[in-house]
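> Protein chains in written order, with the numbering used here: chain A, 70 to 468; chain B, 70 to 468; chain C, 70 to 468; chain D, 70 to 468.
I should point out that these hints are in silico values taken from the structure, not numbers from a laboratory. Just so you know, these numbers come straight off a predicted model, no measurement behind them.
Computed cross-link-like contacts, BS3-like style, restricted to lysine-lysine with a CA-CA straight-line distance of at most 30 Å:
#1 B/K309 x C/K349
#2 D/K120 x C/K462
#3 C/K309 x B/K349
4 protein chains.
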Amino acid sequence: MLSLSIPEHVEPIRQKVLNFIEQEIYPVEAELLADKVSSRRGELMKGLMQKAKDQGLWALGHPEEIGGGGLPFMDYVFVNEVVGRSEIATVALGTHSLQDSIMLHRYANDKWRNKYLEPLVAGEVFPSFGMTEPAVASSDPTQLQTKAELEGDEWVINGRKWFTSGAGNAAYTTAMVRTEFDVPDHSAFSMIVVPTDTPGYNIIRDVKVMGQADGHYEVAYDNVRVPKENLLGPRGQGFKIAQDRLGPGRIFHCMRWLGQAQRAFDLMCDRANNRVAFGKNLGEHQQIQKFIFDTAAEIQASRLLTLHAAQKIDQGDEARIEIGLIKVFGAKMLHNSIDRAIQVHGALGVTEDTPLERMYRHARYARIYDGADEVHVMTTAKRILRVYNDGAKFDFGLR
Amino acid sequence: MLSLSIPEHVEPIRQKVLNFIEQEIYPVEAELLADKVSSRRGELMKGLMQKAKDQGLWALGHPEEIGGGGLPFMDYVFVNEVVGRSEIATVALGTHSLQDSIMLHRYANDKWRNKYLEPLVAGEVFPSFGMTEPAVASSDPTQLQTKAELEGDEWVINGRKWFTSGAGNAAYTTAMVRTEFDVPDHSAFSMIVVPTDTPGYNIIRDVKVMGQADGHYEVAYDNVRVPKENLLGPRGQGFKIAQDRLGPGRIFHCMRWLGQAQRAFDLMCDRANNRVAFGKNLGEHQQIQKFIFDTAAEIQASRLLTLHAAQKIDQGDEARIEIGLIKVFGAKMLHNSIDRAIQVHGALGVTEDTPLERMYRHARYARIYDGADEVHVMTTAKRILRVYNDGAKFDFGLR
Amino acid sequence: MLSLSIPEHVEPIRQKVLNFIEQEIYPVEAELLADKVSSRRGELMKGLMQKAKDQGLWALGHPEEIGGGGLPFMDYVFVNEVVGRSEIATVALGTHSLQDSIMLHRYANDKWRNKYLEPLVAGEVFPSFGMTEPAVASSDPTQLQTKAELEGDEWVINGRKWFTSGAGNAAYTTAMVRTEFDVPDHSAFSMIVVPTDTPGYNIIRDVKVMGQADGHYEVAYDNVRVPKENLLGPRGQGFKIAQDRLGPGRIFHCMRWLGQAQRAFDLMCDRANNRVAFGKNLGEHQQIQKFIFDTAAEIQASRLLTLHAAQKIDQGDEARIEIGLIKVFGAKMLHNSIDRAIQVHGALGVTEDTPLERMYRHARYARIYDGADEVHVMTTAKRILRVYNDGAKFDFGLR
Amino acid sequence: MLSLSIPEHVEPIRQKVLNFIEQEIYPVEAELLADKVSSRRGELMKGLMQKAKDQGLWALGHPEEIGGGGLPFMDYVFVNEVVGRSEIATVALGTHSLQDSIMLHRYANDKWRNKYLEPLVAGEVFPSFGMTEPAVASSDPTQLQTKAELEGDEWVINGRKWFTSGAGNAAYTTAMVRTEFDVPDHSAFSMIVVPTDTPGYNIIRDVKVMGQADGHYEVAYDNVRVPKENLLGPRGQGFKIAQDRLGPGRIFHCMRWLGQAQRAFDLMCDRANNRVAFGKNLGEHQQIQKFIFDTAAEIQASRLLTLHAAQKIDQGDEARIEIGLIKVFGAKMLHNSIDRAIQVHGALGVTEDTPLERMYRHARYARIYDGADEVHVMTTAKRILRVYNDGAKFDFGLR
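Next comes chain A alone, as it looks inside the complex:
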């Protein structure tokens, strides 16, 4: 049975996380997000991480067996919306490593598991993930060009990737590379762990994205050699492992988008209640009321759609159609919510004096990363049509 309300036992921890974000993170957020690397920055972040650990808020969704808080999936989904309020929170609360930790835990050999897993979960070392390449449209990942060839006991990797987020201070990158050459594309790619200090792993630049160097690195793989056993899982299973990672990952993304949107909504409503133009509060003008109305409807619709998809996943369903829907619907909701909040703030809304402009810029990638909207539209519609082709109807599974 699907339940879309916040479970009672989740409320206290969700509230505690929200308090932490509002009281500990908001006051230092602007400083932590500023362009230039302040000397205080690393220190500040470490302080936040320690406080989160002290308050029992660290890595809440990681399995207990690898040192996490062990929140069940659905509980964590509800918490994750709140985490999304600030982009600082994912690192400050240790949730950033969830997917990489699980991938390592599940697929890595003992050596790497022993070496990286504990410090990864503890936030002492950072992971990174390398998939997107500048030379091909990543929306069709069968086109990826980076390849690894087995020479003796080593993989020799050549190619170029970008959007390897966090490569600059990561311990290793999990690289998605072609390892098979005579098989169908979907069985041709594998995941390989590449420590960032491996010779030939050359960071080209921190690509500026929407005006900011945020750690989306371009990395050249020039005859990078790593041991054969750095393979994650079996050869040719790269897409499968990526899918394992992406499914729940998209749920988490979508919940965090809701956190962003709700924050924008709160700011918009407060502004509408407190700023005057033409003799009355902005909120008494119907055009502003329309913004508030539409945003409320889109946020709540998106939230319910996301929770529904989450529950299907929690019940063991892959929920491909539902995830396709929320990826696109949610990214649009995210943009619209922030966009309208900016408009209600007028000139202030585009300045550094509110978090909105940065949220707006970030929201733009949401329609591209994890699969461009257009790809989700195509594949999701095809899945739906297949249901009808089989003589059934698609009832969106309210069961």
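Got chain A sorted already, so can you dock chains B, C and D onto it with the hints?
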């Protein structure tokens, strides 16, 4: 706790209703909806009603105490989506009289309750409801002009109403009229039962709406005299009673809109799978895939929003904000779903050969009746802003 | 050089046409458009036609050599916007036969030209055009199934068409049929004149469209035999002739859509200035202001785009890209303008008491006839991309 | 008579400007726009300015009498679209000072005219304009708080402004301040010239906007004293002078937006023709075709609307309605064009490797500066409704 899945015990009855609609109603629907009154029409409808009674599908949502099926509110909500597939179904299954029966049951004096209630629930007589007036914008109902003045033991009613749906074959009309003249507008209106054979109750015409005479009558009240006790409930409580009627009524509307939209979606997908243009099925063209994707997302979003609002009402909350959201969001979803289904059908889509064109025309009123969109936007946004003004945040009540 | 203002010498005739429509047509429009064939209807229409002739307003755009008013193309374009105000006007002013007259004049043999051309231009007989078929998606006309095979000196035609507008009282139908079977699809179709009294030309029904029987006939061709010389132009040139017809025809459509939209806009603004809700005129509410603003922008944008396309055609350019753009942009503008006008009228807007609801229903086909939107999007974008592929840029030809 | 084609005599100069931008500016644009002040930056810009002067492309639209190129208004409008391709071009070609030069020329006393005008037009000193204030919603400028009080022969100015663009390297700021205190708001403001080295003129910061410090300064006026004769024009005429400045200024803005949009469109089409996904060029996918189609229609519609407004202004009309329409319509077109171009570029589109991401960020302010969209919607709709209220119809002036 909110649960948005179809309860297991509701599935069988919901399926039975769906089967009835697909097998009994669809084959005769076009004939029943055609313009001209065929001689077979009344007979056909009576046959359907009897079949529904025989199969235990009659008046499922009416309270047992007044002769109905007694389905609890939330169960009935799920059934109601299916009822919405065909506009014929509401009458054929006896759900059309639900709100009027309850109003009569709750507020009428014994005389009228005894006279009308039983045949009303049984579908032997028909109710009608008179609120909208041609002379004023009904979106602001404080402007309504029809008035009733007490002369001795009788109300004398004068005015003109239209969109008194079904007046042509109704036993009576519940008229919303001004009875108080020295009080604030919101306490100035009352509901009065007016048998349609009362002298002075003059049907002017069956106003054609979107090209069809569908029973939206214009009625002149020329010194209509009815006994004092025809008042429903206390004097001046008209708006309160209307609100009691409208709240759950809007949930039912929205669920039936979902039924319409789902039917359009099913037709669209089947067409996309079976019609060829430019060498492949329509469904293989991305513009059509976009239609399917967007429609799926909007239907499912609307369904979840409506179920959420329903559950809040079921828990005793008035859910004014939630109802405002679904009224507007749902009406748009309804239009969009049918509109896209028509487009995928091409020229066929605007002809009488599918139910889509009629559904399309009907969908246009959805943005007007029960309060124009613009009014819901205004009042709902104000309610939301009030929450913030009180220092709280609006979290859409996922509890 | 492109000029987008109404030429001074066109103003008087344009104004005269507008006056005729407002003073002669509006008062009888509702009666002429009503469902049932009133006995007065034919008479009324004949009266209007005679008046138009008497006032020198008849067939203004037809070439002088075939008995028309001889207005140059661009002058007629400006007049045509005004003609569009009422769908009655095209017939009452004799503009309805323009494209068929020209086609006959240009391509028919002497026999048919002598027989039909004069009474056609004079409005004494009516043409019809048969292209769309129920069995295939007409958006891809290479799929059309109706075929004509030469047996001796006669074409033998078999197939089924619908949307043969006006077939019910037409003298003849120009049928688009496959005559060639071993050539590429685009050279396989021809136009053949079929008198409606030819044996085997069987009218099946007047297909109801958007709730109304408006003369979109379904016609079966059952071994219809017509003389060889009924061919219009050379064999296999059907698409070319259709294109000749469609290019300027789409300009005329788009201008008439502007007439419809402007009428809706005028009605909307008058209503906004004269109806009160919540203590002030509708026009003082920002949501209504937004409707007015958006409609003004869309109408004017559409008008300028259409005039630009018209001038390119006038200069001998086929203007395929420009025509593709206005077909889709204009149809959307048309819908939006009428839709918003309805909303501002509230319940009144969906009734027969204003022309809006009928305009709304008609507007729905605009996205389908003369090529579904989706086809124009596809072909127009391809044309634009071809320009870039050739190393040029597309500057929309402001020359 | 309105003519919307590029006049023949304008083509060569327009083409020359375009060549300059493509050949001289594009190659150094990224460097000039980069965040950090490179040592080469000032030098590079000076080099471009000199080259533009050498090629006769400097200050083309400034009146000849003040040392400009003397292009007539409409000619300059067409050139200005091309200037808009790169934000560097306005300064490199000397067009940036047009409005301030004219204001100075028209309203300043001899002292300032002699001191600033020549070097201003020559690009040797820079102007700035101070209107927006952080403390009030500038969309309603009657709320501005900065005031100047006459003490003896000096104005004493106090207040705080931001978005004083370019204040950091400007010679002076024209400040809009309240000088009258007992008159209606619209006659209460004046323009005063404030040299930036005046004591009390304190630059607080270069406010970061959409992630970048682009010269939108916050400036405190702490008892700033300037001579009485620094007043521009008569006392209380601030709004009138601002309006003189804004009307044509908005035309220039809108034309430059078209330049931006056309550049995005060119990039999008080239990408669509050259990037492969799922086995074919992006441009062969219908979702991408839809982007191209919609963008083409919106750009061309916006261009024609803007040219129409420009011509009305050129004919002496204030064209308030037309300017209101293009401000909002154009800003949306600008966003949509860039947004779709980004989407077609995928991940590349949000990086620094194309100009698109910066254009996207800039486009966001277009809906706020020079009056928020919502204000234009309100005032423009009111103007339209006034026409109808006077018994006329609004025909958008195609004369």
